[in-house]
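Top to bottom, those sequences are chains D and U. So the first sequence is numbered by UniProt numbering: it starts at 1 and just counts up by one. So the second sequence is numbered by UniProt numbering: it starts at 1 and just counts up by one.
Among the hints, a few may not be true.
To be verified - The calculated DMTMM-like cross-link candidates involving lysine to aspartate or glutamate, where the alpha carbons are at most 20 angstroms apart (straight line), are: (1) U:K73 to U:D220; (2) U:K73 to U:D52; (3) U:K48 to D:E141; (4) D:K263 to U:D220; (5) D:K163 to D:E68; (6) U:K48 to D:D140; (7) D:K163 to D:D251; (8) D:K263 to D:D251; (9) U:K133 to D:E267; (10) D:K218 to D:E199; (11) U:K73 to U:D61; (12) D:K263 to D:D140.
Unchecked claim - Short derived list, chain U residues pointing at chain D, Cβ under 8 angstroms: (13) G12; (14) I16; (15) L19; (16) F45; (17) I66; (18) A96; (19) T115; (20) V132; (21) A149; (22) L152; (23) I183; (24) Y184; (25) I186; (26) A215.
To be verified - Far from chain D by the CB rule (all over 10 angstroms, computed), these chain U residues: (27) L4; (28) G5; (29) K6; (30) I145; (31) I168; (32) A171; (33) V192.
Everything labelled a hint here was simulated from the structure, so no lab data went into it. Note that the Cβ used here is the ideal one computed from N, Cα and C, for glycine as well.
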Amino acid sequence: MERSVRLKPRNGERTGWSMARPYILVLPAIAILAVFYIYPIFYNVYLSFHSWNMRGSMKFIGLQNYLELFKSADFRQIIMNTLVYMLMNVSLTVVLAIALAMFLRKSTLISRFIQTLSFTPNIISLVSISMIWSWLMTADESGLFNYVLSFLGLGPFGWLSDKHLALFSLVLVAIWKSVGLNALIITSSLGSIPDYLYEAARLDNASKSATFFSITLKMISPTLFFLILMNIISSFEVFETINVMTQGGPDNATNTLVFSIYKQGFEYYRIGYASAMAVILMIMIGLITVFYFKALEKNVHYR
Amino acid sequence: MKILGKSASILGKILISALLILIFVVPFYWMILTAVKTLGEVVQFPPKFWTDAIQWHNFKDAFDAIDFLHYTKNSLVITAGTLLGQALFILPASYAFARYDFKGKKLLFSIVLLTMMIPGQLIFLPVFVMYVKLGLLNSYISLIIPFAANGLAIFMLRQTFMQVPDSILEAARLDNAGEFKIIYSIMLPMAVPTISTLALFTFITSWNSYFFPLAWTTTDAVRTLPVGIQQLQSSLGLNPQVVMAGVVLMVVPILVIFVIARKQIIKAFTYMGIK
Numbered sequence: 001m002e003r004s005v006r007l008k009p010r011n012g013e014r015t016g017w018s019m020a021r022p023y024i025l026v027l028p029a030i031a032i033l034a035v036f037y038i039y040p041i042f043y044n045v046y047l048s049f050h051s052w053n054m055r056g057s058m059k060f061i062g063l064q065n066y067l068e069l070f071k072s073a074d075f076r077q078i079i080m081n082t083l084v085y086m087l088m089n090v091s092l093t094v095v096l097a098i099a100l101a102m103f104l105r106k107s108t109l110i111s112r113f114i115q116t117l118s119f120t121p122n123i124i125s126l127v128s129i130s131m132i133w134s135w136l137m138t139a140d141e142s143g144l145f146n147y148v149l150s151f152l153g154l155g156p157f158g159w160l161s162d163k164h165l166a167l168f169s170l171v172l173v174a175i176w177k178s179v180g181l182n183a184l185i186i187t188s189s190l191g192s193i194p195d196y197l198y199e200a201a202r203l204d205n206a207s208k209s210a211t212f213f214s215i216t217l218k219m220i221s222p223t224l225f226f227l228i229l230m231n232i233i234s235s236f237e238v239f240e241t242i243n244v245m246t247q248g249g250p251d252n253a254t255n256t257l258v259f260s261i262y263k264q265g266f267e268y269y270r271i272g273y274a275s276a277m278a279v280i281l282m283i284m285i286g287l288i289t290v291f292y293f294k295a296l297e298k299n300v301h302y303r
Numbered sequence: 001m002k003i004l005g006k007s008a009s010i011l012g013k014i015l016i017s018a019l020l021i022l023i024f025v026v027p028f029y030w031m032i033l034t035a036v037k038t039l040g041e042v043v044q045f046p047p048k049f050w051t052d053a054i055q056w057h058n059f060k061d062a063f064d065a066i067d068f069l070h071y072t073k074n075s076l077v078i079t080a081g082t083l084l085g086q087a088l089f090i091l092p093a094s095y096a097f098a099r100y101d102f103k104g105k106k107l108l109f110s111i112v113l114l115t116m117m118i119p120g121q122l123i124f125l126p127v128f129v130m131y132v133k134l135g136l137l138n139s140y141i142s143l144i145i146p147f148a149a150n151g152l153a154i155f156m157l158r159q160t161f162m163q164v165p166d167s168i169l170e171a172a173r174l175d176n177a178g179e180f181k182i183i184y185s186i187m188l189p190m191a192v193p194t195i196s197t198l199a200l201f202t203f204i205t206s207w208n209s210y211f212f213p214l215a216w217t218t219t220d221a222v223r224t225l226p227v228g229i230q231q232l233q234s235s236l237g238l239n240p241q242v243v244m245a246g247v248v249l250m251v252v253p254i255l256v257i258f259v260i261a262r263k264q265i266i267k268a269f270t271y272m273g274i275k
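The task is simple: from the sequences and hints, build the whole structure.
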């Protein structure tokens, strides 16, 4: 063994070690990915056809978990909440990130400072952020937000206790956390737009808005497309803010898929039922990812 | 007219800048201010925007209210274990994918690409059931191994290893340098920027990790600091100053690291996309 390592294998020469080496290097990592990411997907589908409360043996019950889900009014609301949260979060995050990136486009001391500042929430755990924001959003007068807004004659708002507002409040936290990073990614994409396009637009006497829509937005559209996908997926994953700030309430208004999978599985021990919800989440994420790559392919082809 | 418009636009820019700074500074300021107030000051109306006497004992109260050292130790063990695991698993795999041809390479690499698309929130339930059956609940291993390999990291490191020019390798081979010498003296040094980017990202996400340590445990044995700090809120909800003091204790170390390694951290997160 030792000798063949030192000997440089010539073309065509095959020692046992040089044949096995790539596999020895690759397989441990592949084993982890297969065991913890690929296999669980299938195991999850298997579990969703069973009834199990973590004690005793599993019972095969066919599609019953799914039938129960589709009959449940709570589940309909959970799906609605998840989708509404996603739509609000994705659209606001991306639009505000574009605005922020445009505003900070010229690299000055102050714009670099704001850029760094707006990035900071990304490195802090979402739990701390949620705890800080629950405190800011306290419903009574000692809550900072309600106090400040009272000067404008607004409020007081039940940020987290009003069932029409709570989901939006969670979106606000998500935007505060991620808008800086989104803007940063857009900024680097803005930097790669060639100057001659803007010069051509100036020569054509194009208006500011026409330049923005037909040059700037068009040129960064692949980046935006990617950001939209990432934001959709991270919206579907929302958990920390809900668990810390609202516990799914008030009145189920902030109960989303991942949170409810967690509740059903880890608090009520309804493993099969929770797995069926996880399968539905998987289908949603899968469809969106496939749609993204199809659309990407199409774009590349027509260019 | 034009000058007037220009100064108006400068004024607008200053106002927007000030507003943006406020939006991102105020939550942190309010966190720190609350952490050093007395309970009386915290609940008083109208709220005070400063404090006359800093209440250092709030930090000690937070420290005593939960087993702070225990959670910190768990966070450190899991963070260090994950980094070590990634070095052991990700480095060799990405090197082999970059530099060797072997049967089944395409298939194995497609597994890597596929896992890049699978968010952890999809697999936390089945993996939990696996842990129950294997008796691995409440072990460090259960919170380290799944993150010791990572599709995106393997993909990025492979790109880096592939970019090492063949001419350098040829030269080393002509000098009769062995494979291991080539790895240590050429490959690894050239990959240092990527490796440190990945390590920083892993360090921060692992330190902040809350979801998996919460979902994959049933006791406090291996739970991390974020899980512990959140328990402050449920046990001491009526003492926001102590809760915020706990949050400060958790947030400040990471903010210090951010100040030191700001450029690398921003680069790491921009690379790894939003997570």
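Hints versus structure:
{"no.": "1", "hint": "U:K73 to U:D220", "verdict": "12 angstroms, holds"}
{"no.": "2", "hint": "U:K73 to U:D52", "verdict": "35 angstroms, violated"}
{"no.": "3", "hint": "U:K48 to D:E141", "verdict": "12 angstroms, holds"}
{"no.": "4", "hint": "D:K263 to U:D220", "verdict": "19 angstroms, holds"}
{"no.": "5", "hint": "D:K163 to D:E68", "verdict": "25 angstroms, violated"}
{"no.": "6", "hint": "U:K48 to D:D140", "verdict": "15 angstroms, holds"}
{"no.": "7", "hint": "D:K163 to D:D251", "verdict": "7 angstroms, holds"}
{"no.": "8", "hint": "D:K263 to D:D251", "verdict": "15 angstroms, holds"}
{"no.": "9", "hint": "U:K133 to D:E267", "verdict": "18 angstroms, holds"}
{"no.": "10", "hint": "D:K218 to D:E199", "verdict": "16 angstroms, holds"}
{"no.": "11", "hint": "U:K73 to U:D61", "verdict": "19 angstroms, holds"}
{"no.": "12", "hint": "D:K263 to D:D140", "verdict": "28 angstroms, violated"}
{"no.": "13", "hint": "G12", "verdict": "10 angstroms, violated"}
{"no.": "14", "hint": "I16", "verdict": "6 angstroms, holds"}
{"no.": "15", "hint": "L19", "verdict": "10 angstroms, violated"}
{"no.": "16", "hint": "F45", "verdict": "5 angstroms, holds"}
{"no.": "17", "hint": "I66", "verdict": "13 angstroms, violated"}
{"no.": "18", "hint": "A96", "verdict": "4 angstroms, holds"}
{"no.": "19", "hint": "T115", "verdict": "4 angstroms, holds"}
{"no.": "20", "hint": "V132", "verdict": "6 angstroms, holds"}
{"no.": "21", "hint": "A149", "verdict": "4 angstroms, holds"}
{"no.": "22", "hint": "L152", "verdict": "11 angstroms, violated"}
{"no.": "23", "hint": "I183", "verdict": "11 angstroms, violated"}
{"no.": "24", "hint": "Y184", "verdict": "14 angstroms, violated"}
{"no.": "25", "hint": "I186", "verdict": "15 angstroms, violated"}
{"no.": "26", "hint": "A215", "verdict": "6 angstroms, holds"}
{"no.": "27", "hint": "L4", "verdict": "19 angstroms, holds"}
{"no.": "28", "hint": "G5", "verdict": "13 angstroms, holds"}
{"no.": "29", "hint": "K6", "verdict": "15 angstroms, holds"}
{"no.": "30", "hint": "I145", "verdict": "6 angstroms, violated"}
{"no.": "31", "hint": "I168", "verdict": "16 angstroms, holds"}
{"no.": "32", "hint": "A171", "verdict": "14 angstroms, holds"}
{"no.": "33", "hint": "V192", "verdict": "20 angstroms, holds"}
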